[in-house]
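Residue numbers (my numbering), protein chains in the order written: chain A, 1 to 113; chain B, 1 to 113.
Since the hints were derived computationally from the structure, they do not count as laboratory data.
Predicted, not measured: the structure shown is a model, and the values here were computed from it.
Be aware that a few hints might be false.
Stated by the list, open to error - In the DSS-like style, the derived pairs of lysine-lysine whose C-alpha atoms are separated by at most 27 Å in a straight line are:
(1) A:K70 to B:K58
(2) A:K57 to B:K105
(3) A:K3 to B:K49
(4) B:K69 to B:K100
(5) A:K3 to B:K61
(6) B:K69 to A:K3
(7) B:K100 to B:K49
(8) A:K55 to B:K105
(9) A:K3 to A:K70
(10) B:K100 to A:K53
(11) B:K71 to B:K61
(12) A:K3 to A:K57
(13) B:K71 to A:K57
(14) B:K100 to A:K71
(15) A:K57 to B:K100
(16) B:K71 to B:K49
(17) A:K3 to B:K71
(18) A:K55 to B:K69
(19) A:K55 to A:K13
(20) B:K58 to B:K71
(21) A:K57 to A:K18
(22) A:K18 to A:K55
(23) A:K3 to B:K58
One-letter residues, chain by chain:
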Amino acid sequence: DVKVTQSSRYLVKRTGEKVFLECVQDMDHENMFWYRQDPGLGLRLIYFSYDVKMKEKGDIPEGYSVSREKKERFSLILESASTNQTSMYLCASTPTGGSYEQYFGPGTRLTVT
Amino acid sequence: AQSVSQHNHHVILSEAASLELGCNYSYGGTVNLFWYVQYPGQHLQLLLKYFSGDPLVKGIKGFEAEFIKSKFSFNLRKPSVQWSDTAEYFCAVKLGRDDKIIFGKGTRLHILP
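Please model the entire structure based on the sequences and the hints provided.
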């Protein structure tokens, strides 16, 4: 089974802190994604990566950056956390070609106070 | 801009009722279509997908969806729902050769026992 893990299920940070969210997948997938999920807004794409050291902005990249130094790991960075970044963050991976099914991690619920 | 619309934000049904959740997308080219489900406290998982061929697609747990190209629609159906179908359902579309997937805002389904 494909497994996507995220470093924390729950995280509480203060405004202005730098926050790192880690995601690891074990199926050698090329593509990895970071979404945020908010009630009534569905999933919105923050950033995605289709290869090591490659990244593309999604629909809402402002206030975020990403890092992909190894194929299995994709990190989301909040440079200076703000209260409007309180949300559920979901990581997903998918292989290039084939079914394009996205495999999701369990999510990290981040609260910024 | 391309988008995915889910018509119902919140649906409440009694057990054994029939279900149809609407999904429309705005894109004139080739699409791959998905329905994902998120049960309470669980991560998002694939319910069913359409790539090509028979426009009527069957998924897990008795769900099916029909791709109607002329209507840009991919509605999800189940003839008789169960209490365990209580979840949030997301329609998603992959556009052409893009690696990104666009998600709808989700439909919360609540089944009364």
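Task: Hints that the structure is at odds with (numbers, increasing) - done: Hint check: 1, 6, 13, 17, 18 fail, others pass.
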